[in-house]
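Full structure from sequences and hints, please.
Residue numbers (our numbering), protein chains in the order written: chain A, 319 to 683; chain B, 220 to 371.
If you are wondering where the hints come from, they were derived from the structure by calculation, not from laboratory data. Hints are not guaranteed to be accurate.
If you anchor each label on the Cβ, the simulated ranges turn out as follows [as the list claims (entries may be wrong)]: (1) A/Gly387 - B/Asp327: 49 to 59 Å; (2) B/Arg262 - A/Pro506: 39 to 49 Å; (3) B/Val222 - A/Pro473: 23 to 33 Å; (4) A/Leu489 - B/Glu344: 53 to 63 Å; (5) A/Ile330 - B/Thr263: 31 to 41 Å.
The structure presented is a predicted model; accordingly, all values stated were derived computationally and were not measured. Note that CB positions come from ideal geometry on N, CA and C, so glycine has one too.
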Amino acid sequence: MYVAVKGGERAIDNAHAWLAEVRRGDRDVPELTVAQIREQMTLAVNRVMAEGSLYDPDLAALAIKQARGDLIEAIFLVRAYRTTLPRLGSSAPVETGAMAVTRRISATFKDLPGGQILGPTFDYTHRLIDFALAAEGADAAEPAMPAVDKVEEVPHVMEFLNKDGLIQSELQEGAQVPDLTREPMELPASRPLRLQALARSDEGFLLSLAYSTQRGYGRTHAFVGELRIGTVAVEMEVPELGFPVEIGEIELTECETVNQFTGSKTEPAQFTRGYGLVLGQSERKAISMSLVDRALRWRELGEDFSGAPAQDEEFVLMHADNIQATGFLEHIKLPHYVDFQAELELIRKLRRETEPSDLAAEEQP
Amino acid sequence: MSVERPFSQEILARRRWMGLAARSGPDRLRELLPDLPAHELLRTPEIGAVMVQGRAGGTGTPFNLGEMTVTRCSVRLASGEVGHAHVQGRDRDHARRAAILDALMQTDAAPDLEGKVLSPLAQEEAARRASRAARAATTRVEFFTLVRGEDQ
Numbered sequence: 319m320y321v322a323v324k325g326g327e328r329a330i331d332n333a334h335a336w337l338a339e340v341r342r343g344d345r346d347v348p349e350l351t352v353a354q355i356r357e358q359m360t361l362a363v364n365r366v367m368a369e370g371s372l373y374d375p376d377l378a379a380l381a382i383k384q385a386r387g388d389l390i391e392a393i394f395l396v397r398a399y400r401t402t403l404p405r406l407g408s409s410a411p412v413e414t415g416a417m418a419v420t421r422r423i424s425a426t427f428k429d430l431p432g433g434q435i436l437g438p439t440f441d442y443t444h445r446l447i448d449f450a451l452a453a454e455g456a457d458a459a460e461p462a463m464p465a466v467d468k469v470e471e472v473p474h475v476m477e478f479l480n481k482d483g484l485i486q487s488e489l490q491e492g493a494q495v496p497d498l499t500r501e502p503m504e505l506p507a508s509r510p511l512r513l514q515a516l517a518r519s520d521e522g523f524l525l526s527l528a529y530s531t532q533r534g535y536g537r538t539h540a541f542v543g544e545l546r547i548g549t550v551a552v553e554m555e556v557p558e559l560g561f562p563v564e565i566g567e568i569e570l571t572e573c574e575t576v577n578q579f580t581g582s583k584t585e586p587a588q589f590t591r592g593y594g595l596v597l598g599q600s601e602r603k604a605i606s607m608s609l610v611d612r613a614l615r616w617r618e619l620g621e622d623f624s625g626a627p628a629q630d631e632e633f634v635l636m637h638a639d640n641i642q643a644t645g646f647l648e649h650i651k652l653p654h655y656v657d658f659q660a661e662l663e664l665i666r667k668l669r670r671e672t673e674p675s676d677l678a679a680e681e682q683p
Numbered sequence: 220m221s222v223e224r225p226f227s228q229e230i231l232a233r234r235r236w237m238g239l240a241a242r243s244g245p246d247r248l249r250e251l252l253p254d255l256p257a258h259e260l261l262r263t264p265e266i267g268a269v270m271v272q273g274r275a276g277g278t279g280t281p282f283n284l285g286e287m288t289v290t291r292c293s294v295r296l297a298s299g300e301v302g303h304a305h306v307q308g309r310d311r312d313h314a315r316r317a318a319i320l321d322a323l324m325q326t327d328a329a330p331d332l333e334g335k336v337l338s339p340l341a342q343e344e345a346a347r348r349a350s351r352a353a354r355a356a357t358t359r360v361e362f363f364t365l366v367r368g369e370d371q
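Written as C-alpha cells, this is what we have:
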C-alpha cells in the first residue's frame, strides 16, 4: 500500500531543476531541436507513436526530447497526453492493400506482382560501425531517379494463396469493434481486442514471446508471407457531412505470416494466418505481433494448449503494456513507510515467538 | 445521417478538395491561401483524437489500431456558406483555413481557388508520390534461386 506523504517540496523542485539541466547536457554542444529528432531519429519516434498508441510524429519527437531519450518515459508522456484529447471519431478500416509502399518483401514467393521492394532497410548491411557518420556535414548525394508516371498498385501476396483456397479466409465478423481504451479488457478476448492490445504493446516483450514460439514454446512454424511498409489514407465518416472524407495519411508496417495447417478428415488442409499491424515503421514489432497473434489463435483453430506463455492469453495481454508494467513496477520505489513498518512489526513478533531469549538480547544491545 | 452511395459528382468533388486540404502541409496551405474572408466560427478549432481502424489479416474483422491527432473546425462565411474540416495533426490554423477553403469552394470563387490552391496542392502531392514510388522502384530486386549441387 502506498500512503501519501507530505514534505520535500524544495528537494523535489531542486531535483527537477537538475533534471532539466542534465537533459540539456553540455551547453557547448548545440541543443537538439524537435525537428531534428523527428527527421533523424525516426525509428525511435515511430516506436513512441506505436506504443504510445497515438500517431503524431512531432509530439513523439518532443516527448523523446523531454524524456532524455528514455523511450518508455516518452511513451508514458504520449499516453498521458492522449487521455486529455476528446475522441472526434473513428476511422473507416484502413486499406492496407492500397498502401503506397516504400518496402514490400515476401519470404514465401520470389516472383510476385509488384515485385520485391527492399526500401530503406538495414537488411544486407554489414552491421559495422560507420565511422564516417561521426563526421558531420557529409550528406549522401541524391541519386538519379527514373521517371515514374503511374504509381502501381501492389496487391497483397496472401490473396494469391487465398484464390486457390490454400489459406484460411479472413472473415468479417462482429458489428461492435472493442476498444480497450474505453472498456476494461475482458478475457477471453476476441481477436480484434487482442490485436489492439498487441499493436500498442511493448516491442521487447512481444519480440521475446515471438522468439519463444520459434524455439518451440507454442510452435506455429511461421513464414513471412508479406511484410510491407508505406502510407495509407485515413478516411472518416463526418456526421455533419453524411459522407466520409480523408483526414490524413499515416505510415504503417504490416506483416502477414503463413503458418502450418488446420484441417480435418472432412475439411482439406489449409495454411493459417498470423497478422501484425503497427503505427509507423517497425518491422521487428510487426513480425513479432503476427507470430504472437497466431499463437494466441489456438482455441479458434482447434489446436491444443501446450502451456506455452505465448498461447496464454491472460499472460500475454495482461503483461504486454509497458506503461502499465512500468507504472506498477516503479511505484514500489515510492514511500511505503507505513506498509513496511507493519512488516517490521510482524517480523519482530514472529522472531519473539520462536527465539525469545536471543531476540531480547538483540533488541537491547 | 448518411448520404446514398455511389456518391454524386458534387460529393466526389467535395471529398477531393477536403482531402487535399487535410493532407496538405499547414504552411503550404497558408502560402497558397494567405487571405481569409470574413467568417464566423461555428466550431472553434478543436484538437482531438481519431481512432484508426485496421482489419485482421488486412481484409477481415475490423480492430482498433491506435489513435491519431486530428483538429476540426467549422465556419460560416458572411455570404452564408458553411465549411467543415478535419485535418491531421494539432495545427488549429490549418483546420480553420481548411474549413474556410471548404466554404469558399461552395461559392463563385471555386474556379479561381481550383487554379490557385487545389491544382498546386494536387500536383505537388502527385509529384511527391511519384518520386517516392520511383525511389522505391530503384530498390526492386529480382531473386534467383540457385541450382544446388545435389539437384544436378
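Consistency of the hints with the structure:
Checking the proposed 49 to 59 Å range against A/Gly387 and B/Asp327 shows it holds: the Cβ atoms sit about 54 Å from each other. As the Cβ distance of B/Arg262 to A/Pro506 is approximately 41 Å, the hint placing it in 39 to 49 Å holds. Roughly 30 Å separates the CB atoms of B/Val222 and A/Pro473, a value that falls within the hinted 23 to 33 Å. For A/Leu489 paired with B/Glu344, a C-beta distance near 35 Å fails the hint of 53 to 63 Å.
Roughly 37 Å separates the CB atoms of A/Ile330 and B/Thr263, a value that falls within the hinted 31 to 41 Å.
Going down the numbered hints, you'll see the structure goes against just number 4.
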